[in-house]
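Each chain, letter by letter, is given below.
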Amino acid sequence: MHQLLTIEDLKVYYPVYGSIASRILGKPTAYVKAVDGVSLAIGRGEWVSVVGESGSGKTTLAKAIVGLLKPTAGTILFDGIDVARLSRRDWRRRGLRRRIQLVQQDPLESLDPMMPVGEQIREALEANGVARGGEARRKALEALEDVGLTPPEEMYKRRPRQLSGGQRQRVAIARALALEPDLIVADEPVSMIDVSLRASILDLLDKARRRGTSVLMITHDIATAWIYSDRIAVMYLGKIVEEGSSNSVARDPRHPYTAALVTSVPSLASRKPPKWPVEGEVPSGLRIPGGCRFHPRCPLATSECKEREPAETVENGGRRYRCIHPLPPGGVWKPPRRG
Amino acid sequence: MAKQAILARPGGLMVTAGLSIILFYVALAVLAPILAPYGPTEVSVPKELAGRPQPPSPEHPFGTNELGYDVLSRIVWGSRVVVQVVALSAVLSMAVGVPLGLVSGYYGGPVDRVLSLVMDSVYAFPGILLAIAVASVLGPSVGNAAISLMVVYVPTYFRMVRARVLELKARPLMESLWTAGLPDHWIILKHILPNVAPTILVVFGLASADAILTEAGLSFFGLVVVYPEADWGLDLYYGKNWLLSGAWWLTLFPGLAITSFAAGFALLGEGLARMMGEERWS
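Quick note, the sequences are listed as chains X and W, same order.
When we follow my numbering, the leftmost residue of the first sequence carries the number 1, and every step to the right adds one.
When we follow my numbering, the leftmost residue of the second sequence carries the number 1, and every step to the right adds one.
Next comes chain W alone, as it looks inside the complex (with noise of 0.2 Å):
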């Protein structure tokens, strides 16, 4: 196949949006104390303003909270978090869901419908619940909260890898490697993964937006940090008390920023699910 243009193929241009929003919170993330005009937890306004939430000004876009914190440098540092929580979240839930996955679907027999059973019953809890859970007896740190996504994304790259390798199974290439005298740890490793890896990379992005959601639920309940931490879900939380009071930037913005990063993650998911889709093998 001729080398395209990204942007020129099919959901190249989703790919394309998708990174530049996942690697724009990175970037925030990682810069965040050369960015921020202030600090989290800097009282940013004159004494007598604050006590009450300010809306936006020149000097505060965003705005700032009752403490006098500036909203918008609280949203760049909770990027922190969120960009923490999730990135050890996926890469954990990867390292247990798709070595299993890979297992289960290539060897199948019993260690197959155990672990297939217990995945199951995982999958089927809702997961904001299932990581509320766990999150709460293991206790609020950024770590634990990574754990809890864990558990609820583990059974999402299983399921899908393990699929994925029932279908390759079932395909002449299998047969043809098994007469050409390679030994399973090899066929695993050297072809069942990588024609496996398109696929984990889709999950990856459709089950990171899911993450970044389930996150900010946790935050909210308070389960990842502790305020006055930044962090975006937590900063809804306490917003959410001045929303009758008209005080709409102390929800709107950290909210815009929580559904934008997942929006980043679900289009990269989806664009690359178009852009295999095209490539998948005749």
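This is chain X alone, in the form it adopts within the complex (with noise of 0.2 Å):
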């Protein structure tokens, strides 16, 4: 498949100053490794959820991605075009910020609070030259009704505060895809919605991934990317940890800590707690465990673990995982027993 991403060992570092001396110096007492090596590549109308709990990186990735951050190194490829390396002004001048587009998590502080949300769409359409005047307005419509948002005319006049949540988030999808990206980055697009209308927002995109447009989600629920997505991408402390398709992931993972999100998925089928938690939390990027960054927290790490970082097997089929004892296939694994 042709692919329209493609991310090759992308670190972003930031900085930490941890005396008054190193900030004044200019010189980091220590780095905070949010993406630490992240390889990824998504096709045209591909859907691909970047999935992982908080501090595993993933907003970071999805900002370097639309250029919000500057990688410490590694390439970011769109297109052909190493996004990673350009200037903001660059971003503009190439049509890049058309063609790459944003959906945050939280749409009421993603939309102008004071301007009415049709003219936020209509700003944007004009911006990029895409459309202007009756015609940016005319599309503006358009997108708010494509979006489910009617009467158009009326929805077009309103602030942000005078609409649900749902209603913003289905704004600023609405904003994403009146301007025809190739590229749709969406950072937990409804992890502030109603649970009852996440479906109906994730289907908006859904229904662009149809028409050709490809997806990059964060999320850091495993269930909604499986239904969702073509493939998914396990992040753990920076890491791609396991990624393949959609459903071998989650039906069928490898890596430990996939397992651990895929139990933890409360069912209505059974009325049980999660099988095999995984216990505490993500260690901070400051300090990254040595050998398998997932060992502390692993429930079947050995000493091999705790010393050899592991390499990348791929499978048959393009499955990627970084784990010295996978679990066996066939989806048949059993938590250990502990003690």
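Hints listed in this document are in silico derivations from the structure and should not be mistaken for laboratory results.
Every residue gets a Cβ at the ideal spot worked out from N, C-alpha and C, and that includes glycine.
Some hints here could point you the wrong way.
[Claimed, not checked] Reference excerpt, derived from the structure (chain W facing chain X, CB under 7 Å, subset only):
no., residue
1, M14
2, G108
3, L173
4, E175
5, T179
6, G181
7, H191
8, N195
Fit chain to chain and form the complex, with the hints in mind.
This is the structure in structure tokens:
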């Protein structure tokens, strides 16, 4: 498949100034390795979800892709252009802003509270040279209608506070879609939305995907990712620990972390707590554990895991993972007994 | 949000009271020729009474001064000077302070550092001293007084606007505007300015209240107009000589005019701040 976006060995480190002297001298005492060597590709019309807990670096990854952060190292090839190296002005000049759109988590924070929402769509169209004047207005109305905000003339005039949370996120998506982007990066697009409305919001993105727009969704919810994505990448502490087709990752995980995420999904079918809970929280990106970075929380960890960082194993069919003791295929893995 | 009666909202009473006071004095200034019972330098008492201040009486509710000028009329005429100086200085300070604050806060970098340093140094001066220093160099006139006040209040607008821009810049809104592909000047004019506007209004109220007091100080030292032109601060200066002789009306009434006008702006600023406090986004 022709890849639209290819990320190679991407690193985003945040400098930490531990002392006043280090700040004055501009010499960081340490780095938070938020994204620490990520490679990922997205094809045209493909939906890839990056799944992980908070602190896994997934939002940093999203921000680097849309050009809000300068990567420390690595490349982000978008349609042949290395966008990791572009200045903010070049992003606009090359028309990349229109082609890569961001949908943020909290629409109340990402829309201007003082401006009618229709105007916000219209100005995005005008700024990117998609349409101007009356035509831009007409297109903005269409965009509102497309995401189910009717009557569009009425919705056009509303300010974000006069809309519900779900409607606001529809506006944010309408603005992104109106520009007919090649790639939509959606950072937790439904985590602030009522559970009952989530599917209807994600369906809007799915509709765009079926017309050929690629979607990169950042989420902590592996169940949602499984339903909508072609592929899932599981991220832990700045690295992708497992990646593959949505079904293979969610139904037949190799990495114990993926398995833990899968079993933590509550189900109405069985009234039981997760069988294989992962204890504790993601360690700080300042002190990444040596060896396999998941070993302090892994129920299968051995002494080898503490010493050796697992290399990437690639299976037939393209699934890859980083684990020394991968779970057996077939989804028949059992949680180990402790103690 | 539902439209509420202005009085029912927090700070609504303060805003209404402040605006009424301000409008009262503006009307006084505009309509001075109609409202003032006498001219500002008209000898309005019989010759035999001139030479000594005369206490308030039915014909002269605020009394007269030693030259026989009617104190009430001089307050009415004097409002023209204060209103002009304060309005002009507010426009000038805003015209300089707001754009600089927007640009400095938005772009940051070395320009921001230098501008902030300069503004902070000016801000560190006591306002009245700075205004007197500038005005004594420029010489007494309404225009020069406005320029002196501008020097004092530009940093106030600059600092408040810049701080608000920095606050906005840290919000996800800015990321969404950048990724929507809007050019910088567009973001500043169409998104940052409208979101900063309420802050500018609050600063306008509070800075103008302060400016009235500073203007009174300038005019007290004869740095705005020259006697016998009518001006509140100047009348205070000449009135103070008669305080020990018991002629309290020469200082009390101009003094009340100054403080009440300043209070009007202070009420407006404080009231607006309370109103915004409630409506600030989440």
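Status of each hint after checking the structure:
{"no.": "1", "hint": "M14", "result": "violated (23 Å)"}
{"no.": "2", "hint": "G108", "result": "violated (13 Å)"}
{"no.": "3", "hint": "L173", "result": "holds (6 Å)"}
{"no.": "4", "hint": "E175", "result": "holds (5 Å)"}
{"no.": "5", "hint": "T179", "result": "holds (4 Å)"}
{"no.": "6", "hint": "G181", "result": "holds (3 Å)"}
{"no.": "7", "hint": "H191", "result": "holds (5 Å)"}
{"no.": "8", "hint": "N195", "result": "holds (6 Å)"}
Against the hints set out earlier in the document, violations occur for numbers 1 and 2.
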